[in-house]
Each structure stands twice: as structure tokens, then as C-alpha cells.
Amino acid sequence: MQTRIHFLEELSRLNHDILAMGTKVEENLRKAAEALKSQNVELAREVKASDEVVNALQLKIEDQAAVLIATQQPVARDLRELVTVFKITDNLERAGDHAVHLAKAAIKLAGEPPFHQIDRLCRMADIECAMVRGAVDAYLNQDADAARKVAAEDDRVDAEHKQIFREAIEIMREQPDQIERASRLLTTSGFLERLGDHMTNICEAVVFMVEGSHVELND
Amino acid sequence: MTETIKAESPAAGNGKFDVDGLDLWYGPAQALKGVTMRIAGNSITALIGPSGCGKSTFLRVLDRMNDLIDGIRIEGKVLYDGVDLFGQVDVIELRKKIGMVFQKPNPFPMSIYDNVAYGPRVHGLRARTPAERRRLDELVEKSLANAALLDEVKDRLHKSALGLSGGQQQRLCIARVLAVEPDVLLMDEPTSALDPISTSKIEGLLDELKKSYTIVIVTHNMQQAGRVSDSTGFFLHGELVEYAPTKEIFFNPRDERTENYISGRFG
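Residue numbers (this note's numbering), protein chains in the order written: chain A, 84 to 302; chain B, 1399 to 1665.
Hints were generated in silico from the structure; no laboratory data involved. There's no promise every hint is true.
Looking from chain B toward chain A, a few residues come up when the C-beta cut is under 8 Å (computed) [stated by the list, open to error]:
no., residue
1, Gln1621
2, Phe1648
3, Phe1649
4, Asn1650
5, Pro1651
6, Glu1657
7, Ile1660
8, Ser1661
9, Gly1662
10, Arg1663
Given the structure is predicted, the values throughout are model-derived calculations rather than measurements. Beta carbons: idealized from backbone N, C-alpha and C, even for Gly.
Okay, chain A solo, but in the shape it has when bound (with noise of 0.2 Å):
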């Protein structure tokens, strides 16, 4: 049982190292939308040297999850739980890069005239720290229910940036000198759209990691 007890503290210490990158991917896609509402360049340059603590995280909890499928040959749950963590820290990474974008197009976009469109980018990024955050929280409760019902949120992303679509290419049709805004705004909705796909993917890595099963949510 001491092998047992070792393992149950290793991997109580990586399951910490996951909420800390949540935490921060979180952070970073709130100071984001932030920086890109308030047009605060100093912000957003925050967020892309921020992006560091996550990318090292990354490499820092697969190193440890690593060590433990050799040192403790894990099976069952315990290993399914092990192959979960690589899913999340991938995907969080990913997040993370997402964050970074929106950064850089807060970047972009200061000391220009502000259009409303910001406002339904800022709700998507809104809707999403919850779901960085519900995700990191099902994983550690072990929760495939509420994976699922943050799993749902992405279909409110998925509108938003639909409208985005829309008003974008109505802009560049009745506003043609304004085609560079709009394609940036139409871009950055994208990196948005994909960073709630993200979500999804650690979602449906919980539902794996609890029941044992693949499954698609949000088809």
C-alpha cells in the first residue's frame, strides 16, 4: 500500500501543477479581453510574456506524469487518468497560444476607433475563462457531468463567433477600406472559436478518463 500512497501523493502534486496552468490560461484570456476592451497595449504584452509560465507548466507536468507511468505502472483508471493529463496540458497549451492571439490583436487594435464588435469578442473570451476553468475543475473531481455541461457552453461561442462572421464580411462589403479591421476581427473571432474546441477536447478527455468511453460532445 505504500506504492499506492506515493503514487496518490505524486500525483496529488501534478493535479496542483494543472490547476496552476488552468489557472494561468485562464488569467491570461481575461487580462486579454481586457487589454483588447481598454485598448492597454502594456496589458497585452503581459499576457504573450505570461504565456512562458504556461508553455513551461506544459513541459513540467508531462515530465512528471511521464515519470510516473514508468516508475509506478499505472493501469486502469489511474493510467487512464495519466493519459488524460497529457490530453489537458496540450490542450491548455494550445488555449494559452489562443490568449496570446487575442493579445496580439489587442495590440493591433489600440489607438484605433473602437467598433462593437470588440464587445461580442471580449463575451466569447468571457464564456470561455468559465470553461477553462469548469474543465480543470471536472478533471479534478473527476466529474464527467460537469464536463459535459461545459462542454455545452461552446455552442454559445460558437454563435457568437457566427455573428462575427456575419457582421465581418457585411463590413467588408458595404466598407471596403475597412477589409483589414474585419479580417483581423474575423481571424481573431477564429482563434477564439478554437480555443472553446480546445475546452471540448479536455472535456471529452474527462468523460474518457471517468467512464472508460470516447465520446464526441458537440458534434
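Use these hints to put chain B onto chain A, whose structure you have.
Coordinates of chain B only, in the frame set by chain A:
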């Protein structure tokens, strides 16, 4: 009694062994309770479970090694190739077909050659003519080769088997079983007394052997069960709790008791 979660046998048709509702008592103590399982031919089946769970008892049912134990009582049905194991069966002939390898290598105190030739000689293969001698030589060589030992011992076939390392001795015991040209190999913790390199050689050998034989292996080493077997049966308190393809048992077991045992939560 809980219902066993049964494996879908990878074999088409009947199994090599079809066990149905097997109960076994040592005096008043029930050691096996309603075990039902089909063991597929040309496959490796691992039996796991904590000490005293009945897995070795079950293994010994398959070649009727329990027959000599006083006060033993067996109910239920075990078919071997469709034939009732407890019916009109020639036990000597049965044990020729179903070989057993034990936990501790037990070579006879004689030469390597004589160890392997022992079984065939007992079963009537004499080396009185040059042709018979050639046949016995070939059989010994083939058995040693199939046990992945020939290259290491070919220059000292007539030296004592007791000079071999533990891992070599165990492979010699496997060669000795193979020499009587069996159909099934039963193995009771065959590598628990061996170092990792010898263990790895035997495990590699099992994969080769299953092409020609049906193998049932009792092991306390869960990783070994995971590495070598096609199907795994988990025994607990005499019951076969879960029996499924090995990958399912180790990745997504359906019974919580299996999960708890293989994850080291008890046992």
C-alpha cells in the same frame, strides 16, 4: 454470488477448455465457486488474484493434479477439446497432453540431454537403434530450440543440468515439457524466481509458443499478465470476478474489485 463478467473468446467455435459452474471444496472449505470460463486455443490466458483466491487450484483442475488431494470434491463441468475432463479420461495420457511448469525450476539431477529425453523415454521412445537415437536427438534439440535454450547449451548437452542458471533451468523445464509434445502448457508463476533478463526471455518465448500451444499462466506479476496474455481472469475468494481481453482488464475493467486489485488498492 456475483455474476462473472465474461470475455468474448477470441476463438471461433468451442474453446480449448470450456468450464461451466465449477465448484471445488477442500474438505469443508470451498476454494472455487461457480467458475465459468472458456479458454481459447492458441492463446495465452493469465489468471491473477491475491494469494488464496483459487487461481492455482483452478490451474490444477485443468490437468487433474488435484486428484490426489484428500477430501477434495469437485462439481461442475470442465471440457477439454469437448471431452469431459472428469469422465472416462486416461489421466496419464491427459498429463502428456497438458504440461505443467512450476514456480521454481526443478531440473532432475542428470544431464541436460537426459532431462529433456526423460519424458519421451518414459512414454516409450527408446534409443536402441541408430534411427531411434537420431529421433531422440532430434526431439531433444527441437525442444531445447523451442524453449530458446539450445544456443546456450548445445556444447554441453551431456553436462549436469544443475550447473545452469535459474533462468536456463526454467527454460530447460519448459523444454522438458515440450519434449512430450503436449497441447497445453500450464504455468504456475513460472518467472517469479527469476531475474528480469531471464523473465524477459521466458516472456518472449511464450509469445512464440502460443502459435503451437494453448497457455494458461498464473502470475502474481500484474505487469507480466498485461505484457504476455490475450485474456485475463481475475479470481477473488474462489470466484472468477472478471474475465476479459487483457487490454480491457488493464485499461477499463468493468468490476470495481478488479480495478481495486490491479491498481494496488488491496492484495
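Hints, verified against the model:
1. Proximity of B:Gln1621 to chain A holds as hinted, the smallest CB-CB distance being about 6 Å (cut-off 8 Å).
2. Among the interface hints, the one on B:Phe1648 holds; its C-beta lies about 5 Å from the nearest C-beta in chain A, closer than the 8 Å criterion.
3. Interface restraint check: B:Phe1649 against chain A, minimum CB-CB distance 6 Å, threshold 8 Å, status holds.
4. Interface restraint check for B:Asn1650: the shortest CB-CB distance to chain A comes to about 4 Å, inside 8 Å, so the restraint holds.
5. Residue-level restraint check for B:Pro1651 holds (minimum Cβ-Cβ distance to chain A is 5 Å; threshold 8 Å).
6. Taking 8 Å as the C-beta cut-off, the interface hint given for B:Glu1657 holds, the closest approach to chain A being about 5 Å.
7. About 5 Å separates the beta-carbon of B:Ile1660 from the nearest beta-carbon of chain A, less than 8 Å, and the hint is met.
8. Given hint, B:Ser1661 at the interface with chain A, holds; its Cβ is 5 Å from that chain's nearest Cβ, closer than 8 Å.
9. Annotation: interface hint on B:Gly1662 holds; nearest CB of chain A at approximately 5 Å, less than 8 Å.
10. Hint status for B:Arg1663: holds, given a least beta-carbon distance of 7 Å to chain A, under 8 Å.
Consistency note: the structure conflicts with none of the earlier hints.
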